[in-house]
Every structure is written in structure tokens, then in C-alpha cells.
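S.K.: Chains as they are written, first to last, in UniProt numbering: chain A, 1 to 219; chain B, 1 to 219.
Don't read these hints as lab results, they were simulated from the structure. Bear in mind the structure is a predicted one, so any value in this text is a computation, not a measurement. A few of these clues could be false.
The list makes no distinction among identical chains, and a pair is therefore deemed to hold if it is satisfied within one copy or across any two copies.
With a Cα cut of at most 30 Å, we get these calculated DSBU-like pairs of lysine-lysine [as the list claims (entries may be wrong)]:
#1 31 x 141
#2 67 x 81
#3 133 x 144
#4 17 x 104
#5 162 x 177
#6 162 x 141
Protein chains: 2
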Amino acid sequence: MAIRTEFDQSLRDLQAKLLHMGTLVEEAIHKSTEALVNQDIALADAVIDGDDELDRLQLEIEDSCMKLIAMQQPMAKDLRKISAAWRISVELERMADNAVDIAKSCRRIAGQLYIKPLIDIPLMSEICQQMVKGGLDSYIKDDKDMAIKMSEMDHKVDALYKQVFRELLAIMLEDPKTIAQATHLLFIARHLERFGDHATNIAESVVYLVTGERAYLNE
Amino acid sequence: MAIRTEFDQSLRDLQAKLLHMGTLVEEAIHKSTEALVNQDIALADAVIDGDDELDRLQLEIEDSCMKLIAMQQPMAKDLRKISAAWRISVELERMADNAVDIAKSCRRIAGQLYIKPLIDIPLMSEICQQMVKGGLDSYIKDDKDMAIKMSEMDHKVDALYKQVFRELLAIMLEDPKTIAQATHLLFIARHLERFGDHATNIAESVVYLVTGERAYLNE
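Just chain A, same shape as in the assembly:
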């Protein structure tokens, strides 16, 4: 096979793995918040158990990236395409950890009557899911503008986080019996806020991939 064709094929394999990982992470964050809303411990456990597969995938992607760089010695944009895949896989692994943390918190408060209606937290999760999807799409399509647009969704996640934070603080102040559950909900909102930050990091990687210039989005 010609070197270029071989490189393109290896890159396609790498991208397929990365897309698969992205889909799993999107599902993990969706399931973890579903588990929370429906107090579904089995679903929370599925998220926790699924994390090993994601760790394994990340390592596979890392190995593929190194092999590709060593064997093909890509330059400029080809090299950036590979390093972006590596970086995105690391972010996806952290996002999966956020989903696991949410699932664990959800287990701890399962069976309790919730101290507040869970509307904003699932909304944060929905935006986060769109952000992962948009991040992977923009990577595959080399689309800088799509990446930046995705990163801007993080403002909404941050605003929702602040709102949840303030609301939970007020609930705790009014009724100290709520404190234990409120701290768990606080952490869950925080994990989603972090998830949005990781998605923003993905957007930054895509901008660097396309332009060759480092970008600091949302700062």
C-alpha cells in the first residue's frame, strides 16, 4: 500500500475508535442523569461498570496515536490530527469519570425524597451530551467554527450550575435536614459543570488542529 493510503487508513481506524468512545461517553452522561432522575440504581451501576471499557479504549487510542506518529512521521496538520485524537481521548476519559462520579452520588441518595425538582440538572446533562457530540463532529470535519459554537454552550452549563448552587444553598439554609442530600446534588451539578469544561478543551484541540494556533476558549 502507498504510504499515504496506509496513513489515511490508519487515521480512519483511529477516528472510528474515537467516535465510538465519544458515543459511549455521551451515553454514560445520559444514563447517569437518567439514573438520578428515576432513582435507578441498576442504571447507575451500569455506568460505573462501563468505565473499564472506556479506560481500555483510551489506552488503545493512545497506542494507535504513538504508533502512527512513529511509523508515518506525519508533519504539520497530519501530526496535529493525531495529537488532537490523543488529547480528545484523554478528555473523554475524564468525562466518563464525571459520569461515574454522578452515578456514585446518585446511588448514595437513591430512595430519598428529593429536596427539589430535578429540572436544571437534567438540562445541564442534555447540553453536555450535545457538547460531546458537537466536539467529535467538529473534529472529524475539521470544523473550527463548529467547535467554537460548541464551546459557547458551556456558558449555559456554567449559568445553570450557578443557579443550582444558589438554589441548593438557599434550601440548606431554610432546612438543615436537607444538607446531606444537597451536598450530593451540589457535587453532581459540579461534575456536569466540569464535563462542560472538558468539552471546551475538546473544542480548543479542534481549533488548534485546524489553525495550528492555540486557542483559549471561554476564558
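Chain B: place on chain A using the hints.
M.R.: The following block gives chain B in isolation, referenced to the frame of chain A:
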């Protein structure tokens, strides 16, 4: 220069950068908790401002790693030594973010009378500092046992975190006026707990570097 000598020289340069980054991160976590204990806003600001330099260093290390892999096509352990440097630099960047988060929380509660004596939080920070140092040492020395020993310090960090969590919950329950500050202290302790997790990830990278087998420490 012979290829091997050139490789060794480039590797030494890379390691020097990584060690420098490690020292800065150790200082950042030290300063952020000093700022907390002494309510020193200027010091907190120094930690926040210093983060750009750490981000820059991480990108430099990443570029050096890719160039080394592409130019020298290292195999087996040489390749693992480089990928470990990359991975460790990513962890160090996250640890620096933890220090920044602590500095930001510290700014928010500066000037307030603390609701509890700050003994356990600085202790967590001290252990975290030892963990970074041990992690970098074990990387430079290819010392798997040193890395594992370092990762075991994370149990102590986790135990202290649980203790702080319980104590703060009790304080909030007793006096709801403490809730706002308590949630900030809770987040600070959480950032230190995360810092310990990142250090554990460094230990895992070192074990992989030395043995070629993936290790999952503290699970």
C-alpha cells in the same frame, strides 16, 4: 551526533522540562493552601496568574514528545518513557487547575472568621506535595516501587477528605449560618482529594513505563 546520543539528549531536555513543571505544581498547591490558611489574597492571585505558564509548559512538553516520537521512532521502553512524560504533563496540568480552584475558593472566603480550625486541609496539601515530588522522582529513576509507595499515600488523602466532609456536614447541621463557607471548604477538600487522584495516575504511568503492563492502583 549519533542517533542514540541525540535521543538521550532530547530525552534529558524533555525530562528537565517535566521536572520544572512538577516543581511549579508542587509550589502551586503549597501556595494555594498557604493562601487559604493565612487569608492571603495576593498569594492566591499569584497561583491563579501562574497557571498560564503551566499551560504553556504542558504544550511545550507535548510538542517535544511528538517530535521525539516522529524523529527518533523509539521502540518499547524508550517510547513508553516519552508517552509517560506526555501523560504526566497532562496530569500536572490538571493538578495545577486544582490549585487554581483552591485559590479561587480561598478568595471567596477571605476575610471571614473560619468556622473550623484548618488543620486537616493543610495536612492533605502536604501529602499532595509529597506525592507530586515522589511521582516525578519515580519517573526519572524508573522506580516502580517508589511509584506504588507514592500512590499509597492517596489512602491518607482520601481518609482525611472523608473526615473533613463529615466534620463540615456536622458544622452545617448545627449552625446553618456556616453553610456558605462550609461548601467552599468542602470544595477545597475535594480539589485536594482530586489532586491525590491525579498523583495516583502519575504512579500508574510510571508502573506502565517500567513494566509495560497497565496497572490500576488504589481501585
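S.K.: Decide, hint by hint, whether the structure agrees.
M.R.: Hints, one by one, checked against the model:
no., hint, in the structure
1, 31 x 141, "within (27 Å within a copy, 43 Å between copies)"
2, 67 x 81, "both (14 Å within a copy, 14 Å between copies)"
3, 133 x 144, "within (14 Å within a copy, 38 Å between copies)"
4, 17 x 104, "within (27 Å within a copy, 37 Å between copies)"
5, 162 x 177, "both (22 Å within a copy, 20 Å between copies)"
6, 162 x 141, "neither (33 Å within a copy, 45 Å between copies)"
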